[in-house]
Amino acid sequence: MKKILIVDDEKNIRTTMKMALDKQGYQVETAINGEEALRIFKDERHDVILLDLKLPGMSGIETLKEIMKINGQGPKPQVIIITAHGSIETAVEAMKAGAIDFIQKPFTPKEISNIVEGNINIQSGNFIEKDTTYDGLLIQIIEQIRQKKTRGTFPQIKQAISLAPQRPEGYNLLGVYYEKIGDRNAALKYYRASNAIDPTYKPAIENIDRAASMHPDKSVSLGEIHDETN
Amino acid sequence: MKDNRFKPLLKWKILTANAVFLALIAIVFLWSLENLKKLGAASQEILQENYNSIIAAEKMIGSVERQDSISLILFSEYNPDLMNEFKENEREFFVWLKAASENVTIDGERKIVDDLSDHYKNYLDTFYQFMVAHYQRVNTDSRRHFYLNTLMAKFQKVRNSCIDLRNLNQNTMFKTSEQTKIITQKSRTSLTVISGIVLLIGIFLSLFFSHIFSKPVQEMTEALGEISQGNYDVKLDVKSTDEFGQLAAEFNKMTQKILLYQNLNIRQLITETKKNEAIINRIDDGIIVIDEECRITNINIKASNIFHVSQTEALNRHFLEVIREEDLFNDLKAVLSGNKRDYQWGEKTLEIDYDKKKNYFQYTITPLYMKKEPVLGAVILITDITKYKNLDKMKSEFVMAASHELRTPLTGVQMSINLLDERIKDKELKKLVNMVNEEINRLRNLIEDLLNLSKIESGQIPLNYEKCSLEETVNKALAILSNQIRKKGINVISSFKHVPLFYYDHEKIVWVIVNLVGNAIRYSPENSIIKVNGKILREDCYVTVEDRGGGINEKDIPRIFDRFFQSRDKEKQGGSGLGLSITREIIHAHKGAIWVESVEGSGSKFIFTLPLRLFEEEE
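Residue numbers (this note's numbering), protein chains in the order written: chain D, 246 to 475; chain Y, 26 to 644.
Because the hints were derived from the structure by calculation, they are not lab data. Treat the hints loosely; a few may be bogus.
[What the hints assert, rightly or not] Straight-line distance between alpha carbons at most 30 Å, and here's what the computed DSSO-like set of lysine-lysine pairs gives:
1. K501/Y to K268/D
2. K501/Y to K513/Y
3. K616/Y to K425/D
4. K278/Y to K327/Y
5. K455/Y to K256/D
6. K341/D to K321/D
7. K287/D to K299/D
8. K355/D to K450/Y
9. K383/Y to K396/Y
10. K420/Y to K450/Y
11. K450/Y to K256/D
12. K456/Y to K355/D
13. K492/Y to K425/D
14. K480/Y to K434/D
15. K616/Y to K341/D
16. K263/D to K358/Y
17. K383/Y to K358/Y
18. K480/Y to K278/Y
19. K248/D to K287/D
20. K341/D to K310/D
21. K112/Y to K355/D
22. K447/D to K200/Y
23. K501/Y to K393/D
24. K278/Y to K62/Y
25. K616/Y to K355/D
26. K211/Y to K434/D
27. K456/Y to K434/D
28. K434/D to K112/Y
29. K263/D to K420/Y
30. K434/D to K394/D
31. K84/Y to K112/Y
32. K492/Y to K616/Y
33. K310/D to K355/D
34. K240/Y to K278/Y
35. K299/D to K327/Y
36. K434/D to K501/Y
Here the structure is a predicted model, which is why all the values come from computation and not from measurement.
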């Protein structure tokens, strides 16, 4: 059973989130602040952590960094950031510190269970390519998208992001994934995240331009690895 | 320059007059010469008379000598013919004697003629006595004796008298001729000399008088020149009492009065100017006065502080040399060229570092012009709006923070109600829960719009200028609204004639068009038409969104872009009431304008403009 930790200073948010996730069959624990979260995580080593950025005392980012420190070389927990501030920039800082995704307040129980489900599969290891590098994963993902098998690439993209959350390519591909399945807003959100991580990363800029201005004839920019390495 | 223009015309006139005078003298001179010539001719007449006398004397000598010869022959042998000839000569002699006596012209000539007449009569008497009394009786020798002793002496006397007469006349003639020559010569010389002297005197007098005449005129001209230069403190020396003197006296009176008047005026002007300067400098807004060539003619203390220049440095320099604010300058140029009659508040904001922090200023530009004349200049009034701007920023930040804070409880509400919804099976209760959900969604939209509006207002969402196609932007917006359009069966007609690609923020304009077309859809009847047009007018792109809805009440038009403004038609409400505010903020951020034209009952037409930026600009 997957273990989930919810860190939020708002009692009602904690309670409703726990209720929504309990129903999905996860083992859910809650923490009221950063310090408590670290204490619980030390013993339990949760698979997914839902972390509010704005916490009393120790901030969300500090908590995130401490969690990563405690975790050390163990299997990486999937940290999803909860933010009330809509700007991508705050989320990107957290991503650089090791978070894998973010969700913006206000959200619905459905949105919470979806984002947890989307990220937990990566941790479960079912689809994970063993002994692969970030670049190797990207090549596989791009190949699959080319063969019109975009739907199956989600876990690999998530894995790639969890391997190197500080690099823009993964988020760009996540944007491509959402664009292909028809969720333009989500696509734009991840293109922007990619662009915020590395403002010079061209495929993300091209994708933002295209997605925003509707050029149906233009193809998506996958950001081929050999392009980068050459 | 000035001296060359004032030629002493009077002087030349006088000189011309004198020249006529001199010419007359010359004529007199020539006439004198002519008279002299005539005088010479008169002498010639005298000479002619002398010559006649000489001829007479010569003739008389001839006659008497002939008579002498005849008498000698007669004494030898009588011949009546000779006697007749003698008498003939006698007559002739008398003719010439008469001529000589009538032609007495010289002193002593009368006596000679009288003597001659006596001598000749004596000679004739002696001859005729002898011929009558003695000729028959005496012989040739006696006759010869008589001739030699008596008649010849008498003849000699006559002849000598004739010769005397001839010589006298000859001498006189010669003398007269010589004398005339000398006199003529002398006259010519003296006349020439005198004429020369007269000419010289004439020239000198002409120059002298012309100078005398023109001098006061010149002095007056110079004085007037001084006055026209603005120096009213000039005085002419009154030396004479003639017309010039009177004129100079009047002139002096006049300058004194002008001087007095001038001083009075200057004092008033100075007072006015000082008063105005004091007022302008005391005003807490910046004031700059510009002439028609964009030079600064006045700048108050506040304005000089705002632009970091000293007042004296800024004066009379070109606006751009002193104040490097392109936007302000462009507006100023538009006003000066007469394209824009007045420049009002709030259209543009200047950001200037002042007092070591960023300050915000708004300005008005008021053109200065007389009726229907080109613009003479402009007055720029610059107001510091930093305080208001800061207040506005604080407000935006507060609203933003509040919106953020609202999100957390809203999340709790939404989570709870959704979980509740999943567990409720009762239909009545489910209806209630759905209503709560709807209101939560509305609240969410409201919070999002508030946040966006605050962000745009406080400049936290910078514009992302890209070269875009207006057609694509509109199509994107229509794609977003496609569900609503389809549901109401609305036909959207769009046209974009000759609109080139230009720079604007594509996403934000999509937002604008979504807002405007979304409103149009909301207020349109089913199956009606909405028109979206784009066209270029001068330097702006005009976009219009026109519907066939109910239109807007005239009273509502000025408030339609206000926050939370809702139309009276409550049934059709549905937005947050912030859509048009956001739209306006986006258009203003693009430096464009937005307004609405509507007649209640026959639809509305929203128009916005975007500056046609064809090239990338530094923001």
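- Query: If you draw a straight line from the CA of K420/Y to the CA of K450/Y, is it 30 Å or shorter?
  - Reply: violated (45 Å)
- Task: Below or equal to 30 Å on CA atoms is what counts here, so check K211/Y against K434/D.
- Result: violated (134 Å)
- Query: Is it true that the CA of K456/Y sits at most 30 Å from the CA of K434/D?
  - Reply: Given pair K456/Y, K434/D is violated - Cα atoms ~34 Å apart, limit 30 Å.
- Query: Can the restraint linking K240/Y and K278/Y be considered satisfied, given a maximum Cα separation of 30 Å?
  - Reply: holds (20 Å)
- Could you grab the alpha-carbon distance between K383/Y and K396/Y and see if it respects the 30 Å cut-off? Between K383/Y and K396/Y the Cα gap is close to 41 Å, so the pair fails against 30 Å, i.e. violated.
- Regarding the pair K278/Y and K327/Y, is the alpha-carbon distance no greater than 30 Å? The given pair, whose Cα atoms are some 48 Å apart, is violated under the 30 Å limit.
- Query: Holds or violated: K450/Y with K256/D, Cα cutoff 30 Å?
  - Reply: Given that 30 Å is the threshold and the Cα spacing comes to 27 Å, the pair holds.
- Does the structure keep K112/Y and K355/D at a Cα separation of 30 Å or less? violated (194 Å)
- Task: Starting from K263/D, check that the Cα of K420/Y is at most 30 Å away, please.
- Result: violated (37 Å)
- Between K278/Y and K62/Y, does the CA-CA distance stay at or below 30 Å? violated (63 Å)
- Message: What's the verdict on K501/Y and K268/D, does the C-alpha distance respect the 30 Å limit or exceed it?
- Response: Distance of about 40 Å is beyond 30 Å: violated.
- Given the proposed pairing of K616/Y with K341/D, does the C-alpha separation stay at or below 30 Å? With a Cα-Cα distance of about 37 Å, the restraint between K616/Y and K341/D is violated, given a limit of 30 Å.
Checked against the numbered hints given earlier, the structure breaks hints 1, 3, 4, 9, 10, 15, 16, 18, 21, 22, 24, 25, 26, 27, 28, 29, 35 and satisfies all the rest.
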